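These protein sequence lines map, in sequence, to chains P and F.
The working numbering puts the first residue of the first sequence at 1, with every later residue one more than the last.
The working numbering puts the first residue of the second sequence at 111, with every later residue one more than the last.
Hints listed in this document are in silico derivations from the structure and should not be mistaken for laboratory results.
Some hints could be false.
Said to hold, decoys possible - Subject to a maximum C-alpha distance of 30 Å in a straight line, what follows is the list of computed DSS-like cross-link-like pairs (lysine-lysine):
id: 1; chain 1: F; residue 1: K155; chain 2: P; residue 2: K46
id: 2; chain 1: F; residue 1: K123; chain 2: F; residue 2: K176
id: 3; chain 1: P; residue 1: K46; chain 2: F; residue 2: K176
id: 4; chain 1: F; residue 1: K155; chain 2: P; residue 2: K106
id: 5; chain 1: F; residue 1: K176; chain 2: F; residue 2: K155
id: 6; chain 1: F; residue 1: K176; chain 2: F; residue 2: K187
id: 7; chain 1: F; residue 1: K187; chain 2: F; residue 2: K123
id: 8; chain 1: F; residue 1: K123; chain 2: F; residue 2: K155
id: 9; chain 1: P; residue 1: K46; chain 2: F; residue 2: K187
id: 10; chain 1: P; residue 1: K46; chain 2: P; residue 2: K106
Model, not experiment: these values are computed from the prediction.
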Amino acid sequence: QSVLTQPPSASGTPGQRVTIACSGYNSNLGTNDGYWYQQLPGTAPKLLIYRNDQRPSGVPDRFSGSKSGTSASLAITGLRSEDEADYYCVSWDDSLRGWVFGGGTKLTVL
Amino acid sequence: QLHLQESGPGLMKPSETLSLACTVSGGSISNSDYYWAWIRQPPGKGLEWIGSIHYSGSSFHRPSLKSRLTLSVDTSKNQFSLHLSSVTATDTAVYYCARPMTPNDAFDIWGPGTMVTVSS
Chain P
1 QSVLTQPPSA SGTPGQRVTI ACSGYNSNLG TNDGYWYQQL PGTAPKLLIY
51 RNDQRPSGVP DRFSGSKSGT SASLAITGLR SEDEADYYCV SWDDSLRGWV
101 FGGGTKLTVL
Chain F
111 QLHLQESGPG LMKPSETLSL ACTVSGGSIS NSDYYWAWIR QPPGKGLEWI
161 GSIHYSGSSF HRPSLKSRLT LSVDTSKNQF SLHLSSVTAT DTAVYYCARP
211 MTPNDAFDIW GPGTMVTVSS
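Bound-form chain P, shown alone (with noise of 0.2 Å):
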């Protein structure tokens, strides 16, 4: 059981826009930034929104980020075949003293 609650999938067609949601608790995502992460199949995930709603170089404005209370949430717009991966959530929990992440969510692109 993961500590900050994703749903386990999410879907939508080329050009819509999807949003994955991620639930906390105060220690962590009440407290502390949210990080989100894109893994395709076989490699190591990738850094795509850091503190909150900050996007590495590289990542298309097509991803964005926000957070609200002990929730986070990741959008992406303009839906592209490539963005068929699986989405993680990640924050510090200062109850735990370490690093939490959600369980993933699947993006399928139809």
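Starting from the known structure of chain P, arrange chain F on it as the hints suggest.
Below, chain F alone, put in the same frame as chain P:
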């Protein structure tokens, strides 16, 4: 450009001790204030943070693994290592090493990962 590369046994038997090393190239492990991390992913499952270590040796661990886990650093080899004792099939996973973006952020640089299978 910084690169991380994991190395390990691949296949091991239950009750053995897993030893993995992460070799850092393109930068010095001791020229920074980072806590270098280990993260694993069981087949078909999600990511799980294992622990993080500073080049000084200061470390913190996932509570559920703390009794079996030892993290270490070898600055002369520019490596950090993981040792997990008494492994079982539930320790079967891809193990990644990673570096945080800043000392206070999550990870932006990951190794490619190494698969470890525990089987009798």
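So, going through the hints one by one against the coordinates:
no., hint, result
1, F:K155 - P:K46, "17 Å, holds"
2, F:K123 - F:K176, "21 Å, holds"
3, P:K46 - F:K176, "27 Å, holds"
4, F:K155 - P:K106, "11 Å, holds"
5, F:K176 - F:K155, "21 Å, holds"
6, F:K176 - F:K187, "25 Å, holds"
7, F:K187 - F:K123, "28 Å, holds"
8, F:K123 - F:K155, "21 Å, holds"
9, P:K46 - F:K187, "26 Å, holds"
10, P:K46 - P:K106, "15 Å, holds"
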